[in-house]
Every structure is written in structure tokens, then in C-alpha cells.
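Participant: Here's the letter readout for the chains.
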Amino acid sequence: MIELDLVEGWVEPELAEEFPQLSLVHARVEVHPGKSPKELKQRLRMLADRYTGGKVVHMRQDPVPWAYRVFSRQVGIDPDTDRTPVEGVALRRLKQGGLQSENVVDDALTIAIAETGVPLVALDAERVDGDLGLRLARSGEQLGETRPLSERQLVIADGERPVAVVLGEVGEDAGVTPDTEHMIICALGVKGVPRISLEEALWCAAETLYT
Amino acid sequence: MPDVLDRVGAPLAPSTLPLPDERAARRTLLDQIARLEHELSQLFCSTWPRTDMPRPLVAGRGGGPRLLSLGELEELRDELADRVADSRRALSDRTWVEEQNRRLIEQMLLTPERYKWVRVSHEDIGEPGCRHVHVRPRFGLLGMLMKWWRVRISSGCP
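So the sequences go chain by chain: A and B.
Be aware that the first sequence starts at 1102, since it is given in the numbering used here, and climbs by one per residue.
Be aware that the second sequence starts at 501, since it is given in the numbering used here, and climbs by one per residue.
By construction, these hints were calculated from the structure, which means they are not laboratory data.
As the structure is a computational prediction, the values presented were derived from the model and not from experiment.
Among the clues, some could well be false.
To be verified - If you want the footprint, here are the derived chain A segments under chain B, 3+ residues with CB under 8 Å:
(1) 1164 to 1178
(2) 1264 to 1272
Unchecked claim - Under 8 Å between C-beta atoms, here's a sample of chain B residues computed to sit facing chain A:
(3) 533
(4) 537
(5) 542
(6) 548
(7) 550
(8) 558
(9) 565
(10) 572
(11) 640
(12) 644
(13) 647
Yeah, the Cβ is synthetic: ideal placement off N, Cα and C, and Gly gets one too.
All chains, please: the whole structure from these sequences, using the hints.
Facilitator: Okay, here's the thing in C-alpha cells:
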């Protein structure tokens, strides 16, 4: 029986003013990174079989993927170039002819994203300081040690520093490594996505991890 | 109270909050962008399975996901509106041609001898697959001489 303690992250006032329904829900889970078990690979194969060209094309009209497309557009991203996570999974499936297993963490996130349409990121709980939330990057800030951030870029941050770009990559100093024992899964909520979808995404990822 | 004062990670209220009238303008622009994106998605889906239609792309603003300025939001809204209009016009032109081709198929079926050797593919009428409708003579050369024309519908993709 899995128990998840869902935590609502903070949102910077300026960001909340612009996007009133923007939210970050996260949960801490125990993890043993490594190769995916057979059952998980099988689940990934079954998931891949459900995709067709027509379904992928029409995915952008489904409420949840559409909400993230709109949000991408509103923050200056072209969702046809930098795909939203759920469309990214679908496109990967079409290009590769299947969903290749990578490792237990990535596979669990892929399954949860594909099933719910909600973008998820995983962070190493031991490498995150303080509460997680959403804010704008400040002048001169970096993601990890090498990736400079533009000012007013939307980031997921802990009490000290940005740990991931919203709908983008995770900093190398906060991501999950083979030595990670506890990780934090974060789900991004935007206008048009009900809270239950975020919870479902987190539960789905956690449940898949313990398959 | 001390908990609140000592809270780790609480973001500071920035000093550059937009003015109240700008907030209303930004909200309107964000709503318009959402509506236009919806229309663009609908138009894109309407073009399926046509593969040679112009793609309704509107470039990103650069610099990753960020809070856009009022000017950038206006520019984005205008670009999206232009692209929606372009896509709608292209789809309308295309469906008009497809309608003409459907009528041509009907005419071919009614009077094949008036449309000798005419060939219309499924792509020409906006349908998936590689099936085509072709007016050909029955029994080859003999059919040509005797004017025995008929419509052949191919069985589809090889």
C-alpha cells in the first residue's frame, strides 16, 4: 500500500497574478534507480500500442494537452517546436515505433505523463533545500553550474536556487542519479487542468515505481 | 508568527508588479492567445490527413518559458491571428478544389465517355489512402474503338 503526502508548492506573487491557476504539487517517494523490471517494460509496450497517427494529431484538442499547449504559447514557447511533455512522448513513440525503456524512474514518468497528460519532473530529495515552488529567474542566476537562465524565465526553485526550468530540463545538481534514495516528483498545474489530474499523475508515477 | 518570518524559500514580492490597467490588458491578451491557439489546433486537426497543407507555425519568442512583456504578447497575438487567417484561407481553398473533384467523380460515373482517361485520386478529394478513380476503356484497344468506356476504382495501396 503506497502512501503519498502531496504538498502544494508556493508560487511567486507576480507569477500568480499573471497565471492565477498556476500550481506545483509534489510528493516525496522512495526510489531505487536502475533498470526497469519486466512488468514495467511490458506496460510501456502496451502503452505504445495505443498510439496511432490520427490520435497523436488530434491529441492537441484534448482538454489537458491543450491546456499545456496554451500555457506554452503564453510563456513564449512554440509548442510545435518545443513539444509539451505529453506530445513529446507521443512523437517519440511515432518516430521510434515504440517506447524504449530507459530506467525505472524515466519509464515511470513517461507512463504517468502519457496516461494523464500532466508534465512531471523528478528531483533528488537530498539535493533540494527547503520548500519547492515556482518563480521567475533573477538576473545572473543559473540552472546547475553551466546553464545560464534568462531574466524572468519561469523556474521551479527551492529555497536557494532554481532546480528546473518549467516545462524544460532539470538542473544537473538537483536531478535523480543512480545513488538517489528519495526523490520528489513535481506536477505542474495550469489553467484548465483540474487538481485531480495532478494528483492522478503523481499517484500513477509513484504506483508505477513500485510495480 | 516567528514561523512566518523565518519561512525558508518564501519568494519576495517583486517591486516590478505591472500597473492595474496593464494587468487587465495582459489578461485580455492571454485570453485572446488561448482562443487563437484553440482555433489553430482545430484548423490543424481539420487538415488531417492532408499532408501538403502549410503548417500553422508561430515561432517561439526565444529565451525559454518566461513572462512576456505587453509588447511581446501583442506581437504574439497578432502573429497567431495572421496564421489562423492564413490557415483558414488555405483550408477553404483546398476544400473547394476537393469539392470540385468529388463532383467530377460523380460526372465520371454518370458519363464516362466524356471523361476519357481522367484519373482522380483519394488525395485529390481529401481522403486517406492511395485509391484512385480512373476512366478506362473496357477490353483495351477494342473498347477504345467501340467507345466502351467505364470507371475503374483501384483497390488501394499496393
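Participant: All hints are to be evaluated individually against the structure, with a verdict given for each.
Facilitator: Structure-based check of each hint:
1. 1164 to 1178: holds (count 9)
2. 1264 to 1272: holds (count 4)
3. 533: Holds - the Cβ of residue 533/B comes within 8 Å of chain A, reaching about 6 Å at its closest.
4. 537: Because about 5 Å separates residue 537/B from the closest Cβ in chain A, which is inside the 8 Å limit, the hint holds.
5. 542: Because about 7 Å separates residue 542/B from the closest Cβ in chain A, which is inside the 8 Å limit, the hint holds.
6. 548: Holds, because the Cβ-Cβ distance from residue 548/B to chain A comes to roughly 5 Å (cut-off 8 Å).
7. 550: 11 Å, violated
8. 558: 6 Å, holds
9. 565: Holds, because the Cβ-Cβ distance from residue 565/B to chain A comes to roughly 4 Å (cut-off 8 Å).
10. 572: Hint holds; residue 572/B Cβ to chain A Cβ min 7 Å, cut 8 Å.
11. 640: Since chain A brings no Cβ nearer than about 39 Å to residue 640/B, farther than 8 Å, the hint is violated.
12. 644: Hint on residue 644/B: violated, closest Cβ of chain A at ~41 Å, above 8 Å.
13. 647: 43 Å, violated
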